[in-house]
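Participant: Just so you know, the sequences run in chain order A and B. For what it's worth, the working numbering labels the leading residue of the first sequence as 1, then goes sequentially. For what it's worth, the working numbering labels the leading residue of the second sequence as 1001, then goes sequentially.
Quick caveat, the hints were computed from the structure, so don't treat them as lab data. Honestly, I wouldn't trust all of these hints.
Label pairs and their in silico Cβ distance ranges [claimed, not checked]: (1) A/T213 - B/P1396: 18 to 26 Å; (2) A/V207 - B/G1020: 54 to 62 Å; (3) A/V406 - B/H1414: 50 to 58 Å; (4) B/Q1363 - A/S423: 21 to 29 Å; (5) B/P1396 - A/R221: 35 to 43 Å; (6) A/M420 - B/S1331: 40 to 48 Å; (7) B/Q1325 - A/A94: 36 to 44 Å; (8) A/I214 - B/V1212: 29 to 37 Å; (9) B/M1378 - A/Q186: 52 to 60 Å.
Heads up, the beta-carbon is just placed ideally off N, CA and C, and yes, glycines get one too.
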Amino acid sequence: MAATQTNPLRVGLRQERVISPQCLVIFGASGDLTHRKLIPALFELFRQRRLPTEFAVLGCARRPWSDEDFRSRMAEALAEEVKQHQSAWQQFAACLFYEPVDLQQDEDVVRLGTRLEAIDRLRATRGNRTFYLSVSPAFYGSGCRALAAAGLLRDPARSRVVIEKPFGTDYASAEQLNRVVQACGQEQQIFRIDHYLGKETVQNILVLRFANTIFEPIWNRNYIANVQITAAETVGVEERAGYYESSGALRDMVQNHLTQMLALTTMEAPGRFDPEAIRNEKAKVLQAARLANEDEPWKCCVRGQYSRGGSPAMPLSGYRQEPGVNPNSTTETYVAMKLFIDNWRWQGVPFYLRTGKRLPKRLSEVVLTFREAPVHLFDAAGGSPTANQLVLRIQPDEGAGFVFEVKAPGSGMRSRPVDMHFSYDESFGEPSDEGYVRLLADAMLGDPTLFTRSDEVEAAWRLYTPLLELIEEAPWQLPVQPYEAGTWGPGAADSLLADDGLLWRRP
Amino acid sequence: MAPQLTLQAPLELPPAEVPGYLDRLWGEALQESTGAATFTLLVWEPSWLQQQLIRTGRIDGPLSGLLNGELLEAARQVVGEVGLPTSTAPMAPEVAWRLGQQAGDHSAEDLRGQFVDRAISAHRPRRLITLAPTLAADHPLETLVAAYCPLAEERSGSEDACGDVVVLRGGMGAIEQGLAMLQPLIPAELPCWVWWNGSMDESPELLEALAVPPRRLVVDSSIGEPRRCLDLLVDRIELGQAVNDLNWLRLRSWRESLAMVFDPPRRQLALDQVVQLDIDVEGNHPVKGLLLAAWIADRLGWHLQSSYWIHGDRPEGLGIGAEFQRTDGQSVQFRLMPVPVGISKTHPGALVGLRLICAPAGQSPLCVILCSESGGCMRLEAGGVASMELAEEVVPLPNESEEMEMARLLAGGHDSTNPLLAAAAPLAAKLLPS
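Using the sequences and the accompanying hints, generate a full structural model.
Facilitator: The structure is reproduced here in structure tokens:
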């Protein structure tokens, strides 16, 4: 969210929750995520005085770096911030340590334990530890096993593990990984990260629904005709071809980010604001969700792949021409699908999900379209009255809008739609924390509300299993359809809605 | 409130034997337990009010050092009976002092230092040292020692990290004698917090001796003579010591409410055009109101030009006026007024209301009024406010005990003073007229 202006009275007031003294251990500390996201997020927390003095970061990777190497590499990576806040960086850098560790080597893990005890003494971190697995997904299970074997996960209140996405590649692998990590520690110690949940506006879905009385009574099949959830990106695959080729849009975006938005939009009200109560409701609604046609999934899903596009002045490569991509790749960069949720609240309401790369706009939103008025008393300026829509904008221009009919000015009684608009920028003008700032803080606070629980992950994978099996076993039934880069996806995606007499919202 | 579980009943030992005993305790008897690598909490716990209420038979014991509803109710009754203004807070030192003039010889078991709020014990202090002065000045020094481990429901795993409690009890002279044994009892490798849970006026030498940097000091600037409270805050901040002021922390909801009013960017320009700031406080203790004004002035870049007493015949005391200069050279008038209240809050000088008037050029003035949940805004709503754009908010009363605030500090502290307090305290000290 872009800041428009900073409220001078707001500075320094964000200290509502206190992170306990602790050591954050980052495995994969030499990797991109550490210097691009994690250390900047921690430095931001430090500058906001949300980290205690008794705090340490222990970077771990195979490279034989020293503490000083690690500090100087992080300083290089954050050169701009370091320049702006030199004195703060000096203090923060004193919290950074490094230990060469290969989690597959027992002696390394033993040495890690010794180093952590030394840091506990040096920094008075009280034995509280958060282990962040920013490593290849192939090492999530073995990493957890190594930590458990070294006794580093023994105390569930003082040690926790944060696991990056993807958590498994399908239902079976996610279930297997869950078994492994749960054998290493208690579920309360496992924090499966989905950075979408760190976004203020995603969290706002809960507040909007459950802190206002006007929405919940109409938040059901009696009033809502359909729901569209969109996560569109303008970028292509960039430097992620290696990962993306084996993942595709379904695994990369739908199973986690879109499904989390779906769960928050459709879950029942929890009995209290409590991590387990919220995660119970999310898991329940995901367990009730299904593809619109599980027997013939190709009828409720469209896959696409961007081809060359753009303009002569700014040509855009097709996916197959991107560096590192197989020229005959059948990986989808776009996916759209229709789901139903078989419960009392949502029975019969179609949910349309779509995501893609190289689309015309970068945006994420949830659009709830309400049923039409039973009788049309007025002529509509646009031919037919527009159904009411509640638009929850996740990014950019975070906020919400409500579309409703009003009388068009002039003689006669013609109606036309208008948009009532709420914007975070206009109301608060304060930049919200980057997702990792919020999620790292929550993990260190031991608050799992914004992390996915094992049954949620499994329910999400189970939901898409018919599609994944189809792609695996009979890909010709669900081929990737080309779409020109910079357009809203393949024409078949429009047909998916046209069959129901609907259109995708053009934001 | 939950009593701390001790592995043994507190043991009374001669003071000289305490360090040796603790060494033996950890070396032999508690070999199976892990000593918590957390912090030391050193508490000055005079509890004069509770001691006097017990002595005069107004409440029953035991003497725990913890505030509760019965104690506050009894103190409020005293305020009326001894003829103090009704705005006098139960925690005002004059209440205990007036009680001290009354006869009485009731006594109760003294459990100070042995009752620990669960919020604090959940952080597993490695060592909790309580200095518990008695009313009787000639009471000899008694030293109690006990080891403890977390209660069953506080235990988090297989490691039962344990700590110990040490209580030094006696008359003031005896306590001062006991100071010599404190230093070896404070583990050098762990952070140490000194909670001065009494008036900032009393025993300055003792405070000086206990609150040695880099120990982190926790005080309450609502208790004590205002000039002394502010000067002490400023001195300590200038020394570079980490100072936490519970009175400042209790301003949290006021600062948050005021910031919220100016969150929408369309309102933020008005912050450059403030012409008047009024603050009403309960009774004659202005420190909290001054800290709030100083915070606003610091954040908005105002420069103090002058401050003066506002005389009147109200029993609550004198008001304070001041003039600031904004960054554009325009003047801002500030008034802090003590107002009477029927039922005072627990601590002296609680805020009743705040009014901020902004006069942007070419636009109608904006008036922001914040009032306390229990106070109402009527006084601040007077004076032509109706013609202005009005933003009015009710500030919720803080509902956290001292121990909860303290626990929040202990949960994750800093070895430096909060920059906002560090900037506000010196300005608040200048705002208080000589």
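Participant: For every hint, state whether the structure bears it out.
Facilitator: Quick rundown of the hints versus the structure:
Checked against the hint of 18 to 26 Å, the pair A/T213 and B/P1396 passes, with Cβ atoms roughly 21 Å apart. Range check, A/V207 to B/G1020: about 58 Å between beta-carbon atoms, so the 54 to 62 Å window is met. Taking the beta carbon of each, A/V406 and B/H1414 are about 54 Å apart, inside 50 to 58 Å as hinted. Look at B/Q1363 against A/S423: about 22 Å separates their beta carbons, and that is inside 21 to 29 Å.
Restraint check, B/P1396 to A/R221: a C-beta distance of roughly 38 Å satisfies the suggested window 35 to 43 Å. With their beta carbons about 41 Å apart, A/M420 and B/S1331 fall inside the hinted range of 40 to 48 Å. Evaluation of the 36 to 44 Å hint for B/Q1325 and A/A94 yields a pass: the beta carbon distance comes to about 40 Å. Restraint check, A/I214 to B/V1212: a C-beta distance of roughly 58 Å breaks the suggested window 29 to 37 Å.
Hint check: B/M1378 to A/Q186, Cβ distance near 55 Å, so the stated range 52 to 60 Å holds.
The structure fails to meet hint 8 from the earlier list, while all remaining hints are met.
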